Amino acid sequence: MQWDDGELMRRIQEGEFSFFEILVERYRPALLRVAGGMLDDAALAEDVVQETFLAVFASRHTFNPSFHFRTWLWTILLNLCHRQRKRRARRPQVVSQSALSAGERANITDPATSETALAALLIRERGAQLQGLLNELPDAQADAIRLRFFGGLKYEEIAQSMGVSLGGAKLRVRSGLRKLSERLLGDGEISNEL
Amino acid sequence: MNCDDAFDALTDPVSANAAELTEHLAKCPRCRVLKQVLEPALSLLCRDLPAEPATSAALPHEGREKDAVAPRKPFLSVEAIGVAEAAAARLTSRSAASSSRPTIRLPRNRFSARVLQGVLCAAFGGLAVLCSGLWSGKSDVARQPSLVPSVIPAGAIPAGVCTRNATPQKATKAPGESARAVILSCVACHMRDQQPRSERLPTSLFQSPRRLADPVLFVCGQTEVVNDRGPILKPDHLATGRRLGHEYA
Numbered sequence: 001m002q003w004d005d006g007e008l009m010r011r012i013q014e015g016e017f018s019f020f021e022i023l024v025e026r027y028r029p030a031l032l033r034v035a036g037g038m039l040d041d042a043a044l045a046e047d048v049v050q051e052t053f054l055a056v057f058a059s060r061h062t063f064n065p066s067f068h069f070r071t072w073l074w075t076i077l078l079n080l081c082h083r084q085r086k087r088r089a090r091r092p093q094v095v096s097q098s099a100l101s102a103g104e105r106a107n108i109t110d111p112a113t114s115e116t117a118l119a120a121l122l123i124r125e126r127g128a129q130l131q132g133l134l135n136e137l138p139d140a141q142a143d144a145i146r147l148r149f150f151g152g153l154k155y156e157e158i159a160q161s162m163g164v165s166l167g168g169a170k171l172r173v174r175s176g177l178r179k180l181s182e183r184l185l186g187d188g189e190i191s192n193e194l
Numbered sequence: 001m002n003c004d005d006a007f008d009a010l011t012d013p014v015s016a017n018a019a020e021l022t023e024h025l026a027k028c029p030r031c032r033v034l035k036q037v038l039e040p041a042l043s044l045l046c047r048d049l050p051a052e053p054a055t056s057a058a059l060p061h062e063g064r065e066k067d068a069v070a071p072r073k074p075f076l077s078v079e080a081i082g083v084a085e086a087a088a089a090r091l092t093s094r095s096a097a098s099s100s101r102p103t104i105r106l107p108r109n110r111f112s113a114r115v116l117q118g119v120l121c122a123a124f125g126g127l128a129v130l131c132s133g134l135w136s137g138k139s140d141v142a143r144q145p146s147l148v149p150s151v152i153p154a155g156a157i158p159a160g161v162c163t164r165n166a167t168p169q170k171a172t173k174a175p176g177e178s179a180r181a182v183i184l185s186c187v188a189c190h191m192r193d194q195q196p197r198s199e200r201l202p203t204s205l206f207q208s209p210r211r212l213a214d215p216v217l218f219v220c221g222q223t224e225v226v227n228d229r230g231p232i233l234k235p236d237h238l239a240t241g242r243r244l245g246h247e248y249a
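As given, the protein sequences belong to chains B and Z, one line each in that order. Numbering-wise, the numbering used here puts 43 at position 43 of the first sequence, and it's gapless, one number per residue. Numbering-wise, the numbering used here puts 94 at position 94 of the second sequence, and it's gapless, one number per residue.
Wrong hints could be hidden among the right ones.
Calculated lysine to aspartate or glutamate pairs in the EDC-like style (CA-CA distance at most 16 Å, straight line) [stated by the list, open to error]:
#1 B:170 x B:156
#2 Z:27 x Z:4
#3 Z:27 x Z:5
#4 B:154 x Z:12
#5 B:170 x Z:12
#6 B:179 x B:139
#7 B:170 x B:139
#8 B:170 x Z:5
#9 Z:35 x Z:4
#10 B:154 x Z:4
#11 B:86 x B:41
#12 B:86 x B:139
#13 Z:35 x Z:20
#14 Z:35 x Z:5
#15 B:170 x B:157
#16 Z:35 x Z:23
#17 B:154 x Z:8
#18 B:170 x Z:8
#19 Z:35 x Z:12
#20 B:179 x Z:39
#21 Z:35 x Z:8
#22 B:86 x Z:79
#23 B:179 x B:136
#24 B:170 x Z:4
#25 B:154 x Z:5
#26 Z:35 x B:182
#27 B:86 x B:40
Calculated directly from the structure, the hints in this document are not laboratory data. Treat the numbers as computed from the prediction; the structure is a model and nothing was measured.
Sequences are here, hints too, so could you generate the full structure?
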């Protein structure tokens, strides 16, 4: 049986905490993808996603069925990611040559599931390229694109999560995509190879 | 599907309504251009990412191994709880505001929306005209005389008589067109003889005092211009078209 998010939260509020696991399983992958892209650090993204779920659980009594659970969850994740970014901006960064970048790590696939090692390599390169291009965009546009394509959110949910109007959310995605396309076309030889 | 829906579908990684999108693109050149412009980014984003979130955690392989050996300690900061509670409060207030605000839902089709807006405007306009007509017909308020005589009823004021003073004057010949009657009535006041320049009547609405002193050329036909002292312009004066300023100043 497919449980509705609101129904699950209602049961959790009543004390049936085991239902929280369903919510975690349902949203964790998408949250990890978006957080990984925003923070450019898989380990940090994992921490933020975990903290997001814990915050949801701790403040479950504040959930109101008048808004969507998804919107609430994504809003928390976005805010926590922004805080992490600010913290990291204040701290001096340590660059490790041996460590893979988050874009590369996020796109490492299990060799058992990939067809060939070459395909895995190509996917990894594409992921790294995409991550690099997104990082060059303004944060608001890049975040809106991540929420749309990595998180699979509707535009209404993006708008509510980011605290902007519906038109504003669409404009962010459109402008971001336009800039991405321009850079991809400017970077012709790489795009054609991919 | 309109252009807004087409953009939604174009940027939808799932592309549930691809058939509708194709149909819209076939007949909308603007959306076709947009698709061409965004195509490089869309192909990169939609190709490299799964259409739906994977059921298993998308963690790096090494990360998952690390987790299996030493699970990460769960942690929660007060700050995170504050973020969650603030988000809940904001979303609650926002949903309450949106539900309490009365909205008129317009059709999604732009043409239908325009037609509906036009019909509503016309209806409101007609209602306003009807109400104002009823109000003016049944109003008990005494009508105030208009300061500016917009329409001079034919025959009410003879031609050549000042429309502002409207004192009974000597009857003249046929009034002619209303425009000519107004001009002649102004001439009756402005061309009073034996008036020093400084004591001219305060009726110089259309010309400055300097201009009043200037010769004025009138060709008015056969109408006689009069004032309370008698005729000041006769048809023969007018017919000749002489410069009146020289004669009456």
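Task: Structure versus earlier hints, numbers of those that do not hold, lowest first - done: Going through the list in order, the structure violates no hint and respects every one.
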